[in-house]
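Assemble the whole structure, with the sequences as input and the hints as a guide.
Residue numbers (this note's numbering), protein chains in the order written: chain A, 1 to 486; chain B, 1 to 485.
By construction, these hints were calculated from the structure, which means they are not laboratory data. Check each hint, because a few of them may be wrong.
[To be verified] Under the rule of at most 16 Å between Cα atoms (straight-line distance), these lysine to aspartate or glutamate pairs were calculated in the EDC-like manner: (1) K107/B <-> D368/A; (2) K325/A <-> D96/B; (3) K300/A <-> E263/A; (4) K67/A <-> D111/A; (5) K443/A <-> E274/A; (6) K144/A <-> E481/A; (7) K233/A <-> E64/B; (8) K350/B <-> D390/B; (9) K379/B <-> E345/B; (10) K325/A <-> D153/B; (11) K90/B <-> D108/B; (12) K61/A <-> D111/A.
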Amino acid sequence: MSNIIDLSLSELVSNIKNKKLSSYDVTSEYVERSKKSKNLNTYIEETFDAALKKAKEFDTKPDLNKKLPGIPMAIKDLFCTKNVKTTASSKILNNFIPTYESTVTQNLWNDGAILLGKLNCDEFAMGSSNETSYFGNVISPIDKDLVPGGSSGGSASALAAKLTPATIGTDTGGSIRQPASFTGTVGLKPTYGSCSRYGIVAFASSLDQAGPMTRNVNDAALLLEVMSSFDNKDSTSVDFKRPMYSKDLSKDIKGKKIGIPKEYRVDGMSEEIEKLWENGKNYLKDCGAEIIDVSLPHTKFALPTYYIVAPAEASSNLARYDGVKYGFRTKGNNLIDMYEKTRSAGFGDEVKRRIMIGTYVLSSGYYDAYYLKAQKVRRLIKNDFNNIFQKVDAILTPSTPSSAFKIGDKSNDPVSMYLNDIFTVPVNLAGLPGISIPAGLDKKGYPLGLQIIGKSFDEQNILNIAYSMEDKINFKFNLKEWWIND
Amino acid sequence: MTKDYLIERNGKKYEVVIGLEVHAQVLSESKLFSTSPTKFGSEPNTQVSLVDAAFPGMLPVINEFCIKQAIKTGIGLNAKINNKSIFDRKNYFYADLPQGYQISQYKDPIVGEGTVVLDLASGSKTIGIERLHLEQDAGKSIHDIDPKNTLVDLNRSGVALMEIVSKPDLRSPEEVNVYIKKLRSIMRYLGTCDGNMQEGSLRADVNVSVRKQGEDKYGTRCEIKNVNSIKFMQMAIEHEANRQVDILEEGGKIDQETRLFDTKKNETRSMRSKEDAHDYRYFPDPDLLPLEFNDEYVEIIKKEIPELPDQKKSRFIEKFNLSPYEANILVSDLDISKYFEAVIENSDVKLSSNWITGELFALLNEKNLEITESPISAKNLSNLINLIKDGTISGKIAKTVFEMMAEEDKNPIEIVKEKGLKQQSDPKELEKLIEKVINDNQDKVKEYKSGKEKLFGFFVGQAMKVSGGKANPQLVNDILKKKLK
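This is the structure we're talking about:
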């Protein structure tokens with residue numbers, strides 16, 4: 001058998017089910033490796049001792065019918081975890097310990113998974129490089145001066161560095177798919193309403209969606225199967241019959257029609273990305289799919305629309321962090337003074353920037369010109385997709401306009417940072433599922449991803465397409481383990 | 001017609017224009033978006049869920065019962081029920097507003113235009129309802145317990161309120177009084193709000209403006225925030241209208257502003273001007289889908305609507321021949337109407353109405369009791385009325401019996417039996433008694449017969465006195481007339 005940490009999630013599950021491995025074997029390996037990997041700054045909170053204890057408990061009476069039997073997993077610190085500090089990578093929640101569990105993580109634990117710890121991310125999931133965290137930036141295991149992407153940067157980095165066999169993130173404008181693309185991993189953003197938002201620290205309620213981040217497509221299917229559930233504690237949760245994504249996974253995509261939207265060929269896109277996309281089409285053709293050129297005419301408005309809608313919702317969602325009830329507080333001379341001091345010290349620059357943008361676009365006199373118009377454009381973007389999906393079964397695009405960039409490269413230029421989300425944002429605005437799979441390397445040897453976008457609740461279809469492409473692409477990427485500190 | 005309420009100054013007459021935004025707490029076991037209980041008077045912060053306290057990741061889930069209550073109220077206000085409405089966030093910071101926003105309805109309320117009919121001394125008047133929307137209540141900031149800190153009680157945070165906005169159709173403090181009472185009566189009939197103003201279940205923002213009599217254009221209005229009793233509303237309007245008239249008479253201009261009513265000083269004070277008005281940055285709450293239901297849903301609720309005060313009043317007038325005035329009193333409160341209907345089940349309507357609005361109300365008033373706490377049950381009052389009606393006791397004796405009943409809710413039939421209060425209606429007995437009175441007062445008989453007819457009352461009085469009040473007054477009259485001829 002290969003090393004435990006080299007096994008995929010699905011392989012670990014079958015090894016535990018076949019009693020070739022115990023939960024403790026697996027958990028202790030990951031704990032050891034995580035302990036040696038502090039250079040990456042992926043963990044905000046480690047629950048290693050509790051994890052080892054739980055693994056032992058699991059092994060004494062293993063329930064092998066579970067889908068994630070005794071599987072250790074570190075997760076993004078945006079999910080509230082009962083009795084485990086949850087910060088959203090913000091100073092303002094630095095001391096916050098929830099008394100409750102998010103529905104998605106509860107689903108994981110119910111199916112046998114064990115919490116390894118909480119992973120760094122951009123503050124309140126606002127960022128594309130994991131440089132906005134109060135707990136410092138996360139480093140990509142690919143290179144010590146490279147960002148892992150964001151906002152689920154800690155999750156992507158930990159996954160790529162094999163500090164966790166799989167993980168979960170949240171995706172508001174690309175926060176799962178972009179870091180997956182940057183780190184050569186698989187990231188799936190499900191349809192809005194598939195995974196409950198209950199207990200996830202909210203960024204932009206109408207866009208936020210939790211999803212799996214894994215080493216391969218099969219693992220993503222398995223994890224989604226566990227995460228996704230109807231939840232009456234979330235009014236936007238959708239009650240639909242959820243398929244057995246991993247069981248139903250198939251490489252038969254013969255006759256599937258795949259759309260190639262011309263608007264995603266943006267100015268200044270590198271030849272490498274062009275080539276990657278071209279290769280993607282060829283792989284799909286090899287699998288028997290049909291490639292169709294399509295148009296999504298409102299694509300160019302997606303990014304400005306997103307940067308109105310998301311900050312607007314965020315400005316309101318983050319109003320609750322006021323120092324009154326929980327979290328960080330700075331004393332003030334009066335209530336307003338306390339608010340100002342607490343929020344000035346508690347939030348980082350990017351969060352403040354978005355609160356200000358959001359407050360502005362909702363203000364009287366500006367609402368119609370910004371927020372209302374953005375909502376209308378959002379509808380047009382969704383209509384674009386609806387029209388295309390009359391003709392095609394899925395859409396293939398690059399995941400990002402470039403590979404991972406250097407730490408500090410874009411952190412002083414928010415617009416250039418925001419442009420990184422250009423291919424992922426439309427999917428959130430339309431509420432659709434999208435998956436990023438590793439598809440190649442650029443000249444620098446950094447991974448590049450391709451994104452498959454599907455119809456609402458058609459995750460099975462995009463998983464199948466990704467599964468067949470994964471086979472053809474046969475992505476191999478060997479990391480030099482420079483960060484390991486023995 | 002009663003005189004219009006006008007403010008006179010320097011020979012000019014000003015009309016007062018009033019619109020109310022009534023905040024009525026929805027009668028419901030749990031809150032609008034959480035399952036926390038809504039019981040009044042519990043220990044601070046014992047009825048607070050993670051949702052109410054706005055913990056990270058907590059989401060609102062609509063309480064369907066509150067929706068039904070709002071629809072019911074809308075039906076009671078003869079209003080348009082909107083099949084699609086939207087919950088918006090009203091954003092502002094305050095210590096007792098945990099989310100940093102209040103979930104309310106802004107552009108698309110659940111209930112649209114409706115009407116409320118007021119019964120005034122001058123006749124009936126229809127007041128327009130602009131809208132009714134649902135919203136969350138805030139918590140309570142307590143400033144007077146700790147000298148240095150403000151304490152916050154979140155028990156009320158998230159409780160469902162109906163904001164009922166009237167058109168500017170009210171013209172006097174008295175109309176406001178009748179309007180609030182009518183609104184409260186309708187909601188109590190419907191069981192959608194207990195209307196308890198002491199507990200804050202009903203409070204109002206009062207919009208007041210003045211204009212010269214006969215003018216079409218409304219004057220600039222001021223909003224007096226959060227007034228929690230009818231008396232204070234009336235005082236606030238009175239003061240505010242006079243303040244505005246004074247300004248206009250001095251050649252000044254009214255500033256549109258929000259004001260507070262100081263109940264101790266009996267005056268309104270500026271709270272914030274229009275320039276300082278909050279920008280609430282309303283937008284649809286992305287945590288909640290638009291609220292939609294079909295006509296059938298409303299139809300089912302309509303079937304649960306009981307007879308409302310206006311319908312009941314018409315019925316009382318038509319079926320029982322009551323005057324509009326009497327009917328109005330009897331229907332104004334659901335419990336009074338219930339009591340009345342229980343009494344008349346077996347008793348004379350007219351007598352019942354008189355006894356309830358007369359003796360019983362006086363008793364309740366004196367003891368400061370609600371009709372539901374009446375010391376005399378409807379059943380026993382009915383028995384008493386029947387004793388009067390069938391001549392067993394006189395009206396006068398009945399009052400004595402009533403007093404005894406007020407002490408102890410006892411069946412009047414037993415009281416009459418025990419105390420021997422049965423009316424003397426045997427003509428032979430009465431004749432004997434009257435003969436004795438005549439014999440004992442021969443001098444008065446002479447005077448009477450010589451034309452001093454006023455003395456008739458004296459003989460009746462004597463006869464009643466001799467009988468210990470039990471003689472049937474009608475028979476005494478008849479016999480006396482015969483004997484004194």
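Are the Cα atoms of K300/A and E263/A separated by 16 Å or less?
7 Å, holds
Does D111/A sit within 16 Å of K67/A, going by the straight-line distance between their CA atoms?
6 Å, holds
K107/B and D368/A: Cα distance at most 16 Å?
The hint holds at about 14 Å.
Going straight from one Cα to the other, do K90/B and D108/B come out at no more than 16 Å?
14 Å, holds
If you draw a straight line from the CA of K325/A to the CA of D153/B, is it 16 Å or shorter?
The given pair, whose Cα atoms are some 11 Å apart, holds under the 16 Å limit.
With the threshold set at 16 Å, check whether the alpha-carbon distance from K350/B to D390/B stays at or below it.
Distance ~14 Å between K350/B and D390/B Cα, so the pair holds.
Take a quick look at whether K379/B and E345/B sit within 16 Å of each other, Cα to Cα.
9 Å, holds
K61/A paired with D111/A [C-alpha distance capped at 16 Å]
14 Å, holds
For a C-alpha distance cap of 16 Å, please report whether K325/A and D96/B respect it.
The hint holds at about 10 Å.
Quick one, are K144/A and E481/A close enough, alpha carbons at most 16 Å?
11 Å, holds
Are the Cα atoms of K233/A and E64/B separated by 16 Å or less?
14 Å, holds
K443/A paired with E274/A [C-alpha distance capped at 16 Å]:
Holds. K443/A to E274/A sits at ~13 Å (cutoff 16 Å).
Violated hints are absent here; each numbered hint is respected by the structure.
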